[in-house]
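Colleague: What follows is the residue order along each chain.
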Amino acid sequence: MTADTVSSPIPYSDAALEFRREIRDWLARNAPEDLRGVRAVPRMPSPELKPHLDRWASTLAEAGLMCVAWPREYGGRGLSGVEVAIMNEEFDRAGVPRLTRGMGESLVGPAIITHATEEQKQRLLPPIISGEHDYCQGFSEPGAGSDLAGLRTRGVVDGTELVINGQKVWTSGYYKANMLFCLVRTDPEAPPHKGISYVLLPIERDGRSNGVEFRPITRINGAALFAETFLTDARAPLDNVIGGLNQGWRVAMTTLGSERGGSATTQHVAFERQFWRLVEKVRERGLLGDVRVREQLAWAYSRIQVIRANGLGLTAELAAGRSGGGLANGSTSKIRWSEFQRAMTEMAMDLLGPDALVTGPDYQLDEWQEEFLVTRSHTIWGGTAEVQRNIVAERALGLPKEPRPAKGVTS
Amino acid sequence: MSLEITAEQEALRETSRRFLSEATPLSRVREVMATDTVFDTELWTRMATELGALGLAVPEELGGAGLGYPEVSYLAEEAGRALAPGALLATAGLAVPALMAGNERARARLLPRIVDGAAVGAVAWLDPGADWSSTSPPTRAARDGHGWTLTGDTSPVLDGAVADVLLVLAEHPQGPTVFSVEPDQAGVTRTPLPGLDQTRGLARVELDGAAAEPVSAPGAGRAMVTTALDHANVVLASEMVGGAQACLDMSVEYAKEREQFGRPIGAFQAVKHKCAEVLVEVEGARSMTRYAAWCASHNTAELPTASAIAKATAAEAYFRAAAENVQIHGGIGFTWEHDAHLYFKRAKTSQMLFGDTGAYRRHVADLIGI
Ligand SMILES: Cc1cc2nc3c(=O)[nH]c(=O)nc-3n(C[C@H](O)[C@H](O)[C@H](O)COP(=O)(O)OP(=O)(O)OC[C@H]3O[C@@H](n4cnc5c(N)ncnc54)[C@H](O)[C@@H]3O)c2cc1C
Ligand SMILES: Cc1cc2nc3c(=O)[nH]c(=O)nc-3n(C[C@H](O)[C@H](O)[C@H](O)COP(=O)(O)OP(=O)(O)OC[C@H]3O[C@@H](n4cnc5c(N)ncnc54)[C@H](O)[C@@H]3O)c2cc1C
Chain A
1 MTADTVSSPI
11 PYSDAALEFR
21 REIRDWLARN
31 APEDLRGVRA
41 VPRMPSPELK
51 PHLDRWASTL
61 AEAGLMCVAW
71 PREYGGRGLS
81 GVEVAIMNEE
91 FDRAGVPRLT
101 RGMGESLVGP
111 AIITHATEEQ
121 KQRLLPPIIS
131 GEHDYCQGFS
141 EPGAGSDLAG
151 LRTRGVVDGT
161 ELVINGQKVW
171 TSGYYKANML
181 FCLVRTDPEA
191 PPHKGISYVL
201 LPIERDGRSN
211 GVEFRPITRI
221 NGAALFAETF
231 LTDARAPLDN
241 VIGGLNQGWR
251 VAMTTLGSER
261 GGSATTQHVA
271 FERQFWRLVE
281 KVRERGLLGD
291 VRVREQLAWA
301 YSRIQVIRAN
311 GLGLTAELAA
321 GRSGGGLANG
331 STSKIRWSEF
341 QRAMTEMAMD
351 LLGPDALVTG
361 PDYQLDEWQE
371 EFLVTRSHTI
381 WGGTAEVQRN
391 IVAERALGLP
401 KEPRPAKGVT
411 S
Chain B
412 MSLEITAEQE
422 ALRETSRRFL
432 SEATPLSRVR
442 EVMATDTVFD
452 TELWTRMATE
462 LGALGLAVPE
472 ELGGAGLGYP
482 EVSYLAEEAG
492 RALAPGALLA
502 TAGLAVPALM
512 AGNERARARL
522 LPRIVDGAAV
532 GAVAWLDPGA
542 DWSSTSPPTR
552 AARDGHGWTL
562 TGDTSPVLDG
572 AVADVLLVLA
582 EHPQGPTVFS
592 VEPDQAGVTR
602 TPLPGLDQTR
612 GLARVELDGA
622 AAEPVSAPGA
632 GRAMVTTALD
642 HANVVLASEM
652 VGGAQACLDM
662 SVEYAKEREQ
672 FGRPIGAFQA
682 VKHKCAEVLV
692 EVEGARSMTR
702 YAAWCASHNT
712 AELPTASAIA
722 KATAAEAYFR
732 AAAENVQIHG
742 GIGFTWEHDA
752 HLYFKRAKTS
762 QMLFGDTGAY
772 RRHVADLIGI
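Chains as they are written, first to last, in my numbering: chain A, 1 to 411; chain B, 412 to 781.
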């Protein structure tokens with residue numbers, strides 16, 4: 001990305017260019033050699049890699065480079081979407097991972113910043129930045145997926161605490177988390193959206209279990225990266241309810257609306273690297289002369305360029321001080337990249353031939369087998385592809401809304 | 412200049428949309444459709460003089476506005492939305508960029524006439540019956556005293572029947588070369604061809620010793636046609652984005668008002684999701700086209716790939732939008748009276764123009780070096 005040339009597609013301000021220089025200089029001095037080339041961090045890093053990542057994360061936190069989109073007064077840097085994009089570009093350029101504090105940074109933080117009291121902000125935000133609090137998400141339940149407002153996990157006030165009973169499911173990252181941000185029903189009489197609270201629940205208290213039990217669920221690729229979560233008399237201080245008792249729905253909407261910003265100009269980079277790796281594989285197999293194969297590969301490359309152009313256009317608008325994109329841009333982008341990735345990896349399997357039929361021992365998958373399987377989830381989590389289509393049709397095109405359940409949810 | 416849309420560009424888009432909806436509503440398009448040449452002379456003159464449509468990307472010293480392809484693209488998008496008949500693609504898309512790459516004499520002689528609307532431009536490089544990928548020039552150049560003459564047939568030529576400036580690829584001792592031919596002379600025969608898409612003019616042009624002047628350097632004709640196509644694909648993609656948007660708008664409007672089973676048909680996900688999918692495709696095509704238009708003015712190294720991708724992407728989006736529009740309209744969408752078929756035909760023929768989607772994918776594969 002040659003951002004400082006005269007023909008940059010993004011109208012960077014002088015301040016933005018200055019910021020790029022600052023980050024570039026800082027990385028030149030601080031980027032760790034031991035992580036050079038590690039651009040994407042594995043979901044479950046190996047015991048050898050983990051200490052290196054932890055050290056880098058602390059360095060970033062100390063330098064004020066964690067939670068950078070949060071306001072300065074809460075320990076962030078108040079970066080705009082354009083500046084976050086610049087940061088992503090510079091980290092990519094330096095070849096080191098831009099670590100974040102995961103769901104705490106991208107989902108919980110924005111909800112706290114928008115809806116919590118000042119006392120809660122002072123108490124709950126710093127531990128996210130330092131890494132002391134690592135969050136996992138307890139929204140989905142066996143009976144409440146797309147229709148999240150149908151959730152039944154109960155929260156009952158007991159003095160200064162909320163006592164929680166029920167079951168969550170598909171809890172990603174449970175294995176490293178020590179906090180669960182969850183939605184619980186605190187008023188079963190109220191209409192579905194009105195009786196829900198958003199609470200931050202410690203997974204252990206004073207070194208002892210807090211009634212939170214995870215039962216790992218093995219994913220489609222053989223890895224136990226999410227879990228069923230059983231809550232039995234789990235206790236959270238009422239002070240950890242964000243946005244007020246029974247006011248949790250709008251807090252949850254802030255969380256769900258906090259799609260990772262700033263990836264617009266860099267998202268295509270990983271896709272493009274993957275594309276060229278595939279081209280190499282296909283070249284090794286001697287298939288690059290096949291016209292149909294060439295058309296398929298060019299299709300994939302073209303879709304990546306569409307994703308890139310869309311990101312550049314959005315960022316250009318943001319840099320010019322306008323809110324880019326249409327009314328449902330988060331949804332249209334998600335549909336575009338998630339469905340592209342599915343199709344691209346299906347195609348890769350075809351192109352890799354007989355080799356792709358065989359895994360390593362213990363179901364060890366190669367990159368393509370792994371991606372072929374994992375990309376199926378991108379059209380499920382964070383609002384399924386069908387729900388995204390509903391959102392696009394209703395918000396951007398004004399088509400009739402889906403029917404809402406007529407009666408409330410009973411517990 | 413970067414990629415964001417400026418207030419001036421926004422204004423140009425608005426002005427163009429208002430102008431075209433008043434000057435060439437679909438009722439007028441249908442009248443022009445019924446003529447041999449599919450050309451509205453008055454509209455052409457007004458587009459040139461009132462909108463400055465043909466000189467947007469032409470430097471001021473040659474009579475143009477000295478703007479760039481982003482501006483051409485916004486105008487073309489509106490023309491595509493309106494199905495405006497006329498030679499915008501042939502002139503602003505093909506002839507102007509070809510001339511800009513030509514020799515100084517041809518530029519100075521021909522561009523000002525094109526810009527002020529006095530002359531329609533067209534570019535001809537195909538042997539009748541040949542595939543778009545054919546590279547053999549359709550005509551031969553011969554020395555004639557101090558000048559040159561061309562002989563040979565070429566077809567289909569976009570707006571070839573109404574062009575006042577014909578730029579023709581010819582075999583030349585030093586390799587393929589582009590010449591300009593004035594059509595009003597004895598050696599030129601032009602026959603309008605009835606098109607599947609009746610909103611675009613196509614013609615067969617027969618040259619028999621027609622006087623001609625070189626426009627490209629000797630042997631540089633094929634490169635000139637390639638450059639012209641790189642730009643034309645930006646204009647064509649823009650038209651297709653506008654047409655696709657028009658189809659989506661029609662679909663959504665109809666889906667809200669047409670009721671069956673006691674509900675607007677837009678309440679059924681089978682219809683609702685189609686509309687959402689079309690929006691996703693159109694939005695992607697628009698982003699890609701906008702980027703390609705930006706490349707045409709600000710990053711020419713990337714133009715060939717970007718414009719090829721924009722062409723194929725916009726073509727797919729347009730066809731999808733136009734086909735779903737027919738489907739969403741049910742029986743009425745299958746009629747001559749309804750406008751859906753005008754867009755459907757324009758969509759498919761635009762997709763085929765200059766090479767189908769597969770051809771453009773193969774082209775992209777070559778360009779990125781795989
Ligand atoms: C990899 C992965 C990680 C996840 N991590 C977490 C996590 O950490 N925490 C958490 O709380 N949740 C998590 N989830 C859960 C995720 O949010 C849900 O899977 C998602 O909301 C869909 O819910 P569901 O699985 O119950 O499917 P359902 O809602 O039952 O949907 C089943 C099918 O019906 C369709 N459908 C449903 N409603 C409609 C409608 N109105 N219109 C059209 N079609 C409809 C869906 O699109 C889908 O195809 C994760 C999921 C995955 C796959
Ligand atoms: C060539 C042709 C010949 C015909 N010949 C005859 C004939 O001889 N005699 C005769 O009586 N009729 C005839 N018809 C009419 C034909 O049966 C109707 O066009 C057809 O039933 C669709 O009705 P419609 O056109 O009113 O569309 P609509 O019913 O208004 O449908 C419009 C759109 O909404 C969709 N839609 C409607 N309801 C739903 C739903 N519940 N779920 C999802 N999507 C929905 C449709 O699929 C369509 O895409 C003919 C039609 C054609 C095109």
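Please note that the accuracy of each hint is not assured.
[Claimed, not checked] Pulled a few chain A residues facing chain B out of the computed Cβ check, cut under 7 Å: (1) PRO11; (2) SER13; (3) ARG294; (4) TRP299.
Hints are computed from structural coordinates only; laboratory data are not their basis.
Cβ coordinates follow ideal geometry from the N, Cα and C atoms, glycine included.
Colleague: Please go over all the hints and tell whether each is borne out by the structure.
Modeller: Cross-check of the supplied hints:
no.: 1; hint: PRO11; in the structure: holds (4 Å)
no.: 2; hint: SER13; in the structure: violated (11 Å)
no.: 3; hint: ARG294; in the structure: holds (4 Å)
no.: 4; hint: TRP299; in the structure: holds (6 Å)
Of the numbered hints listed earlier, the single one contradicted by the structure is hint 2.
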